[in-house]
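Undergrad: Position chain B against the provided structure of chain A, taking the given hints into account.
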Amino acid sequence: MAGSEHGAAVNRGARPLSPHLQVYKPQLHSALSIFHRVTGVGNVLAAMLIAWWFIAAASGPTYFAFVDGFLTSWFGILLLLGFAFSICYHMCTGIRHLVWDAGWGLEKPQVRTSGFIVLAAAGILGLGLVLTGWLG
Amino acid sequence: MTMQTPTARVRGLGSAKGGTDHWWHQRVSAVSMAVLAPLFLIPFAMNLGQPWEEVARFYKSPVNAIIAMLFVIASFYHLRLGLQVVIEDYLHGGTRTVLLVAMKLLSFALGFAAVFSVAMLAFSA
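Keeping their order, the protein sequence lines are chains A and B.
Residue numbers 1 to 136, in this note's numbering, belong to the letters of the first sequence in order.
Residue numbers 1 to 125, in this note's numbering, belong to the letters of the second sequence in order.
Just chain A, same shape as in the assembly:
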């Protein structure tokens, strides 16, 4: 690491780094946490798509029809399905984070229980959003 432009890395020298993800057994809590971040980044793409959709609508019927054609193609539908579940998941785990921030539910069994609740809620909400879009 010597010679790296990153200051902290230089100071570490050849000493071992503290253990990271690879030394831990995968568990519900870490998986939910990793997916909170992954879906957060995924939702950035969803926000970009929403912005694109509004810009298209403001541009007029012709360009809007083009964007609509993309969104209703098989690839567009696949994207929208993914975003529906990604948004609902991130919202549910995000609300769990707010509850933790308030100081509640931090005991190990409670964390496990809320993990399952969050997974179920995300699935139900995601399905509800997909059905709303499909039937609406």
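One thing to keep in mind: the hints can contain errors.
[To be verified] Result set (SDA-like, lysine to any residue): computed pairs, CA atoms no more than 20 Å apart in a straight line:
{"id": "1", "chain 1": "B", "residue 1": "K104", "chain 2": "A", "residue 2": "L49"}
{"id": "2", "chain 1": "B", "residue 1": "K104", "chain 2": "A", "residue 2": "G40"}
{"id": "3", "chain 1": "B", "residue 1": "K104", "chain 2": "B", "residue 2": "G82"}
[Claimed, not checked] Some residues of chain B that are not near chain A, with every Cβ distance over 12 Å (derived):
{"id": "4", "residue": "P6"}
{"id": "5", "residue": "R9"}
{"id": "6", "residue": "V10"}
{"id": "7", "residue": "L13"}
{"id": "8", "residue": "S15"}
{"id": "9", "residue": "D21"}
{"id": "10", "residue": "L105"}
[To be verified] Chain A stretches covered by chain B per the calculated footprint, using a threshold of three residues with CB under 8 Å from any CB of chain B:
{"id": "11", "stretch": "41-48"}
{"id": "12", "stretch": "67-81"}
{"id": "13", "stretch": "86-94"}
Hints in this document: simulated from the structure, not taken from any laboratory.
Source: prediction; values computed, not measured.
Ideal placement from N, C-alpha and C gives every residue a C-beta, glycine not left out.
TA: Just chain B, lined up with the frame of chain A:
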């Protein structure tokens, strides 16, 4: 014994010079979106795939347009803060700085463009 100067203690910003602002703004924007997301996403999902005339008519209503704008503002602010954390976690040095600046400028630009577009739909004759 505190090693801080009295000014530093009063400001309460710590060694990172940012205090808890970033963390707090992420929580406040999260709370706002817990309310705005259902209000925006349910009609948005129903409007997806509708013809342009339907969509334009829907966002001409002030309530619908205001909810859409508030959602766009909250979500782009929230994603700006979130992406900052991700970039700071995984990138270092010059790459980090360049990406942080680019991300902040682009997220503001796209969020602004979306808000402006909703306003155009709302104000169109």
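Undergrad: Any of the earlier hints contradicted here, and which numbers?
TA: Failing hints: none at all.
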